[in-house]
Structure formats: C-alpha cells, structure tokens
Amino acid sequence: MSDYLEVANDPMLWIMALPAVVMVGLQAIIFTKRAFKASQLVSLTRKEAMHAFRAGAISAIGPAVAVFIVMLGMMSVIGAPLTWLRLSFIGAAPTELVAAQMGAEALGIEFGSPEYGVTAFATSFWTMTLNGIGWLLFCGLFTHKLESARNKIAGGDTVLMGKIGGAAMLGVMAYLTTGHLLAGGGRLIAAVVAGLTMAVLVKISDSVPALKEYNLGLAMVAGMFVAVMFV
Amino acid sequence: MDNTKNNDIAYENAFTKPIIRAGRYTLLLAIPLSFLPVIYLWLAHGAIPPLGAILTGWFLIVSVYGSWYIVEPVSYFPILGMPGTYMSFLSGNIANMRVPCAAVAQEVLQVEPGSKKAELVATIGIAGSIITNLIVVTIAAVAGNAIIGVFPEVVVDAFDFVLPAIFGALFVMFSIKYPKYGVFAISVGLIILGVIRVIPIWLVIPICVFSTIGFAVKTHKKEKTD
Numbered sequence: 350m351s352d353y354l355e356v357a358n359d360p361m362l363w364i365m366a367l368p369a370v371v372m373v374g375l376q377a378i379i380f381t382k383r384a385f386k387a388s389q390l391v392s393l394t395r396k397e398a399m400h401a402f403r404a405g406a407i408s409a410i411g412p413a414v415a416v417f418i419v420m421l422g423m424m425s426v427i428g429a430p431l432t433w434l435r436l437s438f439i440g441a442a443p444t445e446l447v448a449a450q451m452g453a454e455a456l457g458i459e460f461g462s463p464e465y466g467v468t469a470f471a472t473s474f475w476t477m478t479l480n481g482i483g484w485l486l487f488c489g490l491f492t493h494k495l496e497s498a499r500n501k502i503a504g505g506d507t508v509l510m511g512k513i514g515g516a517a518m519l520g521v522m523a524y525l526t527t528g529h530l531l532a533g534g535g536r537l538i539a540a541v542v543a544g545l546t547m548a549v550l551v552k553i554s555d556s557v558p559a560l561k562e563y564n565l566g567l568a569m570v571a572g573m574f575v576a577v578m579f580v
Numbered sequence: 012m013d014n015t016k017n018n019d020i021a022y023e024n025a026f027t028k029p030i031i032r033a034g035r036y037t038l039l040l041a042i043p044l045s046f047l048p049v050i051y052l053w054l055a056h057g058a059i060p061p062l063g064a065i066l067t068g069w070f071l072i073v074s075v076y077g078s079w080y081i082v083e084p085v086s087y088f089p090i091l092g093m094p095g096t097y098m099s100f101l102s103g104n105i106a107n108m109r110v111p112c113a114a115v116a117q118e119v120l121q122v123e124p125g126s127k128k129a130e131l132v133a134t135i136g137i138a139g140s141i142i143t144n145l146i147v148v149t150i151a152a153v154a155g156n157a158i159i160g161v162f163p164e165v166v167v168d169a170f171d172f173v174l175p176a177i178f179g180a181l182f183v184m185f186s187i188k189y190p191k192y193g194v195f196a197i198s199v200g201l202i203i204l205g206v207i208r209v210i211p212i213w214l215v216i217p218i219c220v221f222s223t224i225g226f227a228v229k230t231h232k233k234e235k236t237d
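Keeping their order, the protein sequence lines are chains D and R. Numbered by this note's numbering, the letters in the first sequence go through residues 350 to 580 in order. Numbered by this note's numbering, the letters in the second sequence go through residues 12 to 237 in order.
Simulated from the structure, these hints should not be mistaken for laboratory data. This structure is a prediction, so every number in the text was calculated from the model and none was measured. Some hints here could point you the wrong way.
[Said to hold, decoys possible] In silico lysine-lysine, DSSO-like type, Cα no more than 30 Å apart, as pairs: (1) D/382 - D/501; (2) R/188 - D/501; (3) R/16 - D/396.
Assemble the whole structure, with the sequences as input and the hints as a guide.
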C-alpha cells in the first residue's frame, strides 16, 4: 500500500502536472485581458471590471476552502502532485475518486486494498485522465455551436436571453437544492437557513449596495454554522 | 441604429472571435498536457497497465459520466455564456464555484441579464474565481496537512454543509428576481426527485433546466402579446 504512495509523491510528478495547471491560469489571464480590451465597447469601466474580478475572487474563497478540506483526504490516497492537478482542472473530488475506483476495478483490484500497487495507481490515473478529456473534447469542439443555438432561440431578444439565463440558473439550483432538502438533517437546515438569510440580505442590500458582494458568502456561512450547531 | 450595428461587429471582432479561438486552443491543448503524468509514470517507473485494463477503465468511467460530457455543457451554457463555458470546463468545480462567482459578479455590477456587458462581467468574475482556486489548491497541496490543524474542529465540520448552503442561497437570490420561474423549477425538482424518483440523474438536470427555460420562453411570449 505504501510503496505506490512513494511513487505517487515522486517530486517529478509536480513538474509533470505543472503544464496543465499553468494552462488553466493562462487561459483565465488571456480571457480577462480580452474582456478588458472589449470593455469600452459595452461601456464597462476599468473600475467596474476590476470590481467584477474582485467579486469573483472573493466569492470563490468559501467554496475553495471546502475543496481544500476534501483535498487532504484525496492526497492521502493518490498523493499530493496529482491531487493538485486534478483539482485545478476539470472534474471535482467525487468525480476523480469514482474514476480512481473504476481504474482499480478494471484491473480487478479494490481501491485502497493491500494489492493496490503502482500499476493499479497508474490505471486509476489513466481513468481520471480519460474521463477528463470527455468534457475538454466536447467543449473544445462544440462550445461555439451552443452560442449560435442560443442566439437562434432568443432571436436577438436580449431581455429573453436574460430570462433564459435566469430560468436555467433556477432549474440547476432547484435540482441541486432539492437533493439536499430531501436528504433532511443538517443538509436541509443548511439549505433553508442559507436561503432565508439570502432573502434578508437581498432586502438589506437594496439600501446598502456595498453589501451585495458579500451576500452569498454571508448566507453560506450562516447556513453552514446553523447546520453544524444542530447536528 | 447603424452605430449599434457597428458596435456589434466591433465586439464580435474584439471579443467573441478571439475567445472562440483561444478557448478552443486551450481546451484541446490541455488534452495532451493532461497525459504527461501517466506517461511519466510509465517511462520513469515502468507503471503501465495492460491496454485492456486502460480500455476497461475508460469504458467503466464513460458508462458513469459519458452522458455528462454533453449534458453539463449544454445545461450550464445559458448560465455561463460562451467564454464562461470554455473557462469552466477547463477548470472544473462548476456548480459550486464558477456559477456562483459569475452570478455574484453580475449582481454586484447590476448588469442587464443577457447583455454583452453581462457576458464580460461573468468572464472576469469567473477568471477571478479560477485564480482564487489555483492559489488555495496550491497551498493545500504543498502545506495542507500542516494548515488544517489550525482550524477548530467545528469549522472543518461546518464545511460539510457548504454545498446545500450555496445552492439554497443562490436559489433564493434568483427566485427573488424571477419568482414564477423559482416556483416552477422547485416544483419540477421535487416532483422528479421526491415523487417519481426513477429518472436517471443525468437526465434530471436537463429536464429541470430546459423545462424551466421552456416555461420562461412561454410566459415571455405571452407577456409580449398581452
């Protein structure tokens, strides 16, 4: 069991993981630069653009800390460098662990059992990699087609386009929230308390717009802590 | 009128086209790069599974997630927009991070939903969230085990509930804007997940998303004709 972890924590693996991680950061920088360049065309000021960046960066802290905690468990089974790669990249912790499991099963070995050695680890990582390319390939090839499909549906009506975005958001969030509501217990409490807190914060931030940036973070913290108190 | 048209063309040339090009290159180039670790494991450690095992693993994982490769991009596209889709499906953590961050950035700047300005703001907001994620994940990978001891246990436990809290809060935030869609969407969710229960999960997301979009398009057209 421990011998594959030695390989999994081989320092050279950090270097092997680096190019893909850099690609993620590089793309974010390229897109941001493009957006700043195009901003005067839609009367977005530099100050507003900086504000948008800050809002995105701050709002990601809570979810990123959650990833941080999950990561520690994942590092203990697939090593630090490849956990770093997989969680900077397409996929999320549960997806990657299912892939690791499937890889082991493909060899007829149980993930985490004493037979799980270096080859089994390699199979797990092949499976994670091959899984990730599914999304990359589809989005790399077809994202621009989705754009033309949406334009056709909305027919240049930006009000409708906005409504479609809102409806899609509510569809996704309704699905994701319902799972937690039906699970009951702490998850139900967290969803309901965070939702109610958000309702109050939206009312307050109508008169205190500076608060808007923190609404989601505050609602999230309220939901999490009330849930943990009750469980 | 001519001016807005010129502006549209300028935007297309300054933003839309270059983003499609860059998005496509970065995603397709990321594919070979993601294979570097497995190639290294093979060359340096001789750790290469038999081809049959690689293919079996691939088959197994595609049977679990294969439909998501298409369903997720299509379902999230109306929320993330074109640039947001390229970014989110390279960087992952979509529902829990990219979607909320795009929404908050747009909310803070009060942009008109569906406009070009909204698209730029979402792009920049998502980029901000990607940078945060890279920093946090890197710190965790390098020093996570040393840092975790600093957090009190109750804080670590509270993070078990981060997902229901984010989703519940975002649902309410958007329901206040579009109350009718909110009621419709949650009813669909409850009926499918609570009552019917047999529909496979990968079908539930597109059903929730596209039925709510259908409802929105229908009510919008009705409001217009009334």
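* Asked: Hint numbers the structure violates, sorted upward?
  -> The structure conflicts with no hint, since it agrees with every one listed earlier.
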